[in-house]
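Novice: Given the coordinates of chain D, assemble chain U onto it according to the supplied hints.
Here the protein sequences come in this chain order: D and U. The opening position of the first sequence corresponds to residue 1 in my numbering, with each subsequent residue numbered one higher. The opening position of the second sequence corresponds to residue 1001 in my numbering, with each subsequent residue numbered one higher.
Since the hints were derived computationally from the structure, they do not count as laboratory data. C-beta atoms are modelled at their ideal positions from N, C-alpha and C, and glycine is treated no differently.
The calculated DSSO-like cross-link candidates involving lysine-lysine, where the alpha carbons are at most 27 Å apart (straight line), are:
1) U/Lys1424 with U/Lys1456
2) D/Lys146 with D/Lys247
3) U/Lys1113 with D/Lys247
4) U/Lys1487 with U/Lys1286
5) U/Lys1277 with U/Lys1113
6) U/Lys1286 with D/Lys146
7) U/Lys1456 with U/Lys1572
8) U/Lys1401 with U/Lys1424
9) D/Lys146 with U/Lys1023
10) D/Lys146 with U/Lys1113
11) U/Lys1424 with U/Lys1487
12) U/Lys1402 with U/Lys1424
13) U/Lys1007 with U/Lys1023
14) U/Lys1424 with U/Lys1484
15) D/Lys146 with U/Lys1277
16) U/Lys1043 with U/Lys1095
17) U/Lys1487 with D/Lys146
18) U/Lys1043 with D/Lys146
19) U/Lys1095 with U/Lys1023
20) U/Lys1574 with U/Lys1456
21) U/Lys1113 with U/Lys1286
Reference excerpt, derived from the structure (chain D facing chain U, CB under 7 Å, subset only):
22) Lys21
23) Asp44
24) Gly45
25) Ser318
26) Ser319
A few chain D positions that, by computed beta-carbon distances, are all more than 12 Å from chain U:
27) Lys35
28) Thr50
29) Glu52
30) His57
31) Glu59
32) Gly159
33) Gly175
34) Leu188
35) Glu237
36) Ala243
37) Pro297
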Amino acid sequence: MSNISTIAPDLRPAVGNRRTKALGLVAGVDLGGTKVLAGLSDLDGDLLATMEEPTAHGEGAPVLEQIVRMILTLAERHRDRGPLLKAVVGVPSAVSPSTGLASLSPNLAIPAEQPLARLLEAGLPCGVVVENDVNLAAFAEATLGKARDCASVAFIAFGTGVGMGLVIDGRLFRGHHGRAGELGLLPLGTNPHDAAPKARAGLFEDQVDSPAVRALYRDGTVPVSEIFLRAGSGDGEAAAAIATLAKSASVGLASIQAVFDPALMVLGGGIGSRPEFVELVSQHMSSLLPFAVQIEPTSLGPEAGMRGALMLGLHELSSQTAA
Amino acid sequence: MTKPRPKPRVLSPLADGQLVSEKPVLLPFMAPRLQGDCWPDGKIEISVWGCGKIANLTFSGWRGPFTYAPNRIETSGGGLYVAQSAPVLFLKGAKLRTLVPSRRCAWWGSTMKREPVERLGERRIARTGWGVAIAEQRPAGIFLSAGASIEEATRALDLAQEDVIAEANAYVARCDEMPEASPLMRSMVSQSLHAALSSIRQDEHGDFGGLAAGQAYSAPARTYYRDGYWTLQALLARTPDAIRSQIELLARGIQPDGEAPSGVILTGPAQAEEWEKVRRSHPQIKEEHLRPGDWWSDHFDSPLFFILTIGDYIRSTGDNSPLSAHWGKVVAILDRYCALDTAGNGLPVKPAHDRDWADNVYRHGYVSYDIGLWVGALDVIAAYGGAIDENIAAKAAATAKKARASIDDVLLQASGTYADYGTKQDFVEDHLTLDSLTLLRYRAVSAESATRVLAKVASTLESRSNSDQPYGDWGVMCAFPPFKRPKDTRSKSAFAYRYHNGSDWPYLSGLYAEQRLVHGLEDAEYPLLRWWETCLEEGWMGAVEYFSPPWGRGSLLQGWSSMPAMAALAHKDKLCLAMS
Chain D
1 MSNISTIAPD LRPAVGNRRT KALGLVAGVD LGGTKVLAGL SDLDGDLLAT MEEPTAHGEG
61 APVLEQIVRM ILTLAERHRD RGPLLKAVVG VPSAVSPSTG LASLSPNLAI PAEQPLARLL
121 EAGLPCGVVV ENDVNLAAFA EATLGKARDC ASVAFIAFGT GVGMGLVIDG RLFRGHHGRA
181 GELGLLPLGT NPHDAAPKAR AGLFEDQVDS PAVRALYRDG TVPVSEIFLR AGSGDGEAAA
241 AIATLAKSAS VGLASIQAVF DPALMVLGGG IGSRPEFVEL VSQHMSSLLP FAVQIEPTSL
301 GPEAGMRGAL MLGLHELSSQ TAA
Chain U
1001 MTKPRPKPRV LSPLADGQLV SEKPVLLPFM APRLQGDCWP DGKIEISVWG CGKIANLTFS
1061 GWRGPFTYAP NRIETSGGGL YVAQSAPVLF LKGAKLRTLV PSRRCAWWGS TMKREPVERL
1121 GERRIARTGW GVAIAEQRPA GIFLSAGASI EEATRALDLA QEDVIAEANA YVARCDEMPE
1181 ASPLMRSMVS QSLHAALSSI RQDEHGDFGG LAAGQAYSAP ARTYYRDGYW TLQALLARTP
1241 DAIRSQIELL ARGIQPDGEA PSGVILTGPA QAEEWEKVRR SHPQIKEEHL RPGDWWSDHF
1301 DSPLFFILTI GDYIRSTGDN SPLSAHWGKV VAILDRYCAL DTAGNGLPVK PAHDRDWADN
1361 VYRHGYVSYD IGLWVGALDV IAAYGGAIDE NIAAKAAATA KKARASIDDV LLQASGTYAD
1421 YGTKQDFVED HLTLDSLTLL RYRAVSAESA TRVLAKVAST LESRSNSDQP YGDWGVMCAF
1481 PPFKRPKDTR SKSAFAYRYH NGSDWPYLSG LYAEQRLVHG LEDAEYPLLR WWETCLEEGW
1541 MGAVEYFSPP WGRGSLLQGW SSMPAMAALA HKDKLCLAMS
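Chain D on its own, in the form it takes in the complex (with noise of 0.2 Å):
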């Protein structure tokens, strides 16, 4: 079949005997209110295992005792691959840069003046990082997704809440409290001296999270998946209230792009993620700056914390032999 000559006598095998790779795993941890998601990869970045369970609630926070149970627990099963060299957690707060404390829910009943870090490397035989999940999110983007080849990327994710991760060369940026990207504490829309103390989460978050796009249409019941569907059947309603959320959140999104001109903004969440509901946001943002500007929706879907986790974890390895 070949037209390349099948005669090959072999002067000798050029490499001897087949290459050997270092050992080793990283854990990536996204902990979400209702979920925990947990990965494991080795040290080419190789997904090995994903596990998944409810988040555990309740006094004593049983949540820390799950995540090292999971984490454990893929790393016995992946033990032929080396020993857990570290282990990333995601969670849904700001975290103190210099202090590692974090706010989370009271329902985790985590004790507040303790870095979840230390509580975790309690019962794991590696190190533990604890990240903001956008961040994480944004650090996935940096390294597995649409801006892989970007100096620079804000990651902003639109769903249930909005928040912001943003990764410059290569470095996540935290700001000084780890506050950088509370993006929904942006002072936007009238009066907001009189209604940021009135707001429910904030005053662009009320504008733009999944409550606000459910008052935008009908009696305000109708989940946000189903609104997006019916805009996209041809209902009129559903598509001027999915169309006043874009331009609402243009807003937002022209505020990063004047303060921190990344090279690419990625959108990501169950809002941001929508193809349409980009598309709507780029319109808007022509009439707002006097330049283009890229905006992608997220191609790492729901897994992209815990995929940022196991990169960040990857990073830090990197670095520490580095140093």
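Specialist: Structure of chain U alone, referenced to chain D:
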């Protein structure tokens, strides 16, 4: 930490130099006009040089195992065959499912409304504002052609099925230049040489259209000084006419003051118009691309590669005409770099910017890589310029002598290697880099120094010997340890072991292998083949641009990743001796 763990291969090399996989693997292909990606489970993205992305086609009918060769896939009852003489390919045994025209020519292009696909019997025509694709279902499979115009695409369909297959098979045979080698070496040489041969592009009139940096570096169509230089190393003896034409294209980008961009843009008319809109409006692009024909203006190494290209061409062919034709530009470049010699030691000082090969690193001061190129360029002027202007040639010779005498003083480290960049008065990044081997290639340092450096490269940059890096045995790092001053790095290179910060770049691994062979050292096989083993393990079909664990890979089918094939073929006798 390091224990044996062989990774299973997705692709296996066969004795005839082809590769086989059970599961479908992406095959990038590139012919003089046509290029694209083929997923053997039923999808093709098709582009045309100078036009951009034209259409996506989906098909059914193939089953594994899949056997791969340059620009060719064969399965039981089917296969992909790409013609050379016309922009057409044949999908044997395939049934056409969909043909969808692209909405934009490239990521930076405006999004256009799709025109409806025209159907004429078994023929479907997809039109865009920048090119046309035609798919035709025939009894034996699908013919897919594309072009800048309907005429070009229609004309390509005139090629008979057996002619397309014959041209595809002849191309595979042309790439197979080391049939006596082991399957691993033979397949590496075939695929690596393919990267160079396929980089020779044509415009719609059949004229030379530049050396493409790679299949993913084609919109806007452009040719780079540095990528082109390393790519043409494998082409000098094989296609000298293309090199002569390449020099003419590169000459267009040289400015009166000796400056040159990273690359020269070579788009067709429709893409040129679209690109110019972006060049003038995109916030980042308009800052980097200062003139209409520039791809990223003012790169420090580009003018030097222009002179080196001329020198290599003369050395290979004996034809002195490009130097005479472009003597004014050569002198302008000489003057430009002499003016950067602030210490009077014959060495130009690079400004602190990110514009040379390491374009994610702000290197400044004395840069080993650039100084190697500088000395090589001076030698070209000294060797061949005398017939045109004796004084200039003498000046170049004197400057080269002074430069050689100064290098150790400014760059040599206690370890016996040469620093990456910096000045002693300010900051020196003293880690070891593969790109500093330009000092060896252009004999800017002594043979003794070269041997010492190569020994250090083996123990430091070959990952199998370096247990201070975390990933075991995976390739040849382009730098180690990672950059010590984070503010000097940006974007991908800000991550340790990623991109310029330690990835394996097969073109640099090829340069390293070449220097081992030139200096009579054994074990060039590791840099020649370790990267290729990774491609086989990961299922990366084609000569990859760069890679590192865990950061993944760059583009496939990258022109300058032909350097390993060039080194292996140019020193085959030594390799044979080493292997016997």
